[in-house]
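Protein chains in written order, with numbering that gives the first Met the number 0: chain A, 0 to 72; chain B, 0 to 222.
Worth flagging that the hints you see were computed from the coordinates, not collected in a lab. As the structure is a computational prediction, the values presented were derived from the model and not from experiment. Built from N, CA and C at the ideal position, the CB exists for glycine as well. Please note that the accuracy of each hint is not assured.
[Claimed, not checked] Pair by pair, the computed Cβ-Cβ distance ranges are: (1) B:ASP128 x A:SER57: 35 to 41 Å; (2) A:SER57 x B:ASP215: 45 to 51 Å; (3) A:SER1 x B:ARG41: 47 to 53 Å; (4) A:GLU40 x B:ARG131: 30 to 36 Å; (5) B:ARG142 x A:ALA37: 42 to 48 Å; (6) B:ASP148 x A:LEU64: 25 to 31 Å; (7) A:GLU40 x B:GLY212: 41 to 47 Å; (8) B:ALA77 x A:ARG15: 32 to 38 Å; (9) A:SER57 x B:ARG221: 37 to 43 Å.
[Stated by the list, open to error] No farther apart than 20 Å at their CA atoms in a straight line, the calculated lysine to any residue pairs in the SDA-like style are these: (10) B:LYS86 x B:THR98; (11) B:LYS195 x A:PRO55; (12) B:LYS86 x A:MET25.
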Amino acid sequence: MSGWAELDRFLATDPRDVGCEEAMAMLHVYVELVAQDAGAERRYPGIAAHLRACGPCSDDFEGLLAAIGGPAD
Amino acid sequence: MAMPHRPAGGASIARLSFDFESEEWVRALRGSEAERQAAVERLHGLLLRIARSEVRRRSPRLGITGPELDDLAHQAAADALLAITAKIGDFRGESRFTTWAYRFVILEVSAKVGRHFWRDPGVRLEGEDWERLPDRFGFDPAREAEWRDLLAALRRAVEETLTERQRRIFVALVLNGIPLDTLALELGSNRNAIYKTMFDARRKLRAALAANGYVDDDRVRRS
Numbered sequence: 000m001s002g003w004a005e006l007d008r009f010l011a012t013d014p015r016d017v018g019c020e021e022a023m024a025m026l027h028v029y030v031e032l033v034a035q036d037a038g039a040e041r042r043y044p045g046i047a048a049h050l051r052a053c054g055p056c057s058d059d060f061e062g063l064l065a066a067i068g069g070p071a072d
Numbered sequence: 000m001a002m003p004h005r006p007a008g009g010a011s012i013a014r015l016s017f018d019f020e021s022e023e024w025v026r027a028l029r030g031s032e033a034e035r036q037a038a039v040e041r042l043h044g045l046l047l048r049i050a051r052s053e054v055r056r057r058s059p060r061l062g063i064t065g066p067e068l069d070d071l072a073h074q075a076a077a078d079a080l081l082a083i084t085a086k087i088g089d090f091r092g093e094s095r096f097t098t099w100a101y102r103f104v105i106l107e108v109s110a111k112v113g114r115h116f117w118r119d120p121g122v123r124l125e126g127e128d129w130e131r132l133p134d135r136f137g138f139d140p141a142r143e144a145e146w147r148d149l150l151a152a153l154r155r156a157v158e159e160t161l162t163e164r165q166r167r168i169f170v171a172l173v174l175n176g177i178p179l180d181t182l183a184l185e186l187g188s189n190r191n192a193i194y195k196t197m198f199d200a201r202r203k204l205r206a207a208l209a210a211n212g213y214v215d216d217d218r219v220r221r222s
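I would like the entire structure built from these sequences, with the hints used as guidance.
This is how it looks when you write it as structure tokens:
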């Protein structure tokens with residue numbers, strides 16, 4: 000990604016973004032919808048917007064998605 | 000940012016009853032002492048497996064390996080188990096019980112990783128090395144003539160439009176590369192509050208760049 004695109008991504012803010020607390024509180028629900036391809040982003044656009052912008056929460060989401068995706072070992 | 004979240008269009012996925020497996024977990028964890036103990040041991044085994052997998056997934060960024068990594072997984076699993084058994088009454092069946100439980104252990108791993116960096120004396124919270132700004136965003140040094148003015152404008156916006164707290168958090172996260180969770184610990188704050196502060200700062204910085212002609216059609220403009 001070029002510097003311009005990265006800076007643009009950094010400066011972009013989505014008014015639907017619910018923040019970390021709300022996103023983490025519903026992460027278990029959201030991740031199952033993602034795993035089932037059941038319209039997670041359509042049902043929870045504020046969580047989707049947050050996960051696109053917040054590195055730590057996105058990392059937690061990826062971890063939980065991997066955890067429910069199959070045997071951990 | 001948005002107010003506390005509700006599903007779009009009034010959609011609700013709340014279930015009236017738990018799925019069979021979740022029902023069994025809740026029943027066992029609230030059952031007789033023998034049942035409860037067996038369920039707790041089984042749950043701990045699952046949580047430890049997930050914690051180990053998660054620390055391995057994150058390990059390339061942690062700089063720790065072997066016994067220390069496994070110790071972190073054990074601590075995360077134990078703390079998650081305590082939280083789950085204390086909050087079992089909060090489980091409403093909106094997801095499978097195991098998904099709800101795994102969220103606790105993933106968040107415990109995440110918190111412990113933040114504390115790991117907090118203990119690292121190499122973490123710099125103070126100091127402002129603006130020379131690192133181009134690298135932070137991946138600007139090519141060979142094309143400095145194209146981005147020099149833009150980043151100078153960004154620096155002016157940081158200095159002139161942000162509050163002292165916003166500026167301090169920008170410097171720590173962007174210039175010094177401090178992980179957000181580590182910064183939250185250092186400031187006695189939390190992830191949500193730090194994120195909200197940066198969210199407002201990012202919006203201010205974009206507006207300042209737009210006001211000075213560095214943003215066209217809602218995109219950062221190339222020189």
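What are the numbers of the hints that this structure violates, sorted from low to high?
1, 2, 6, 7, 9
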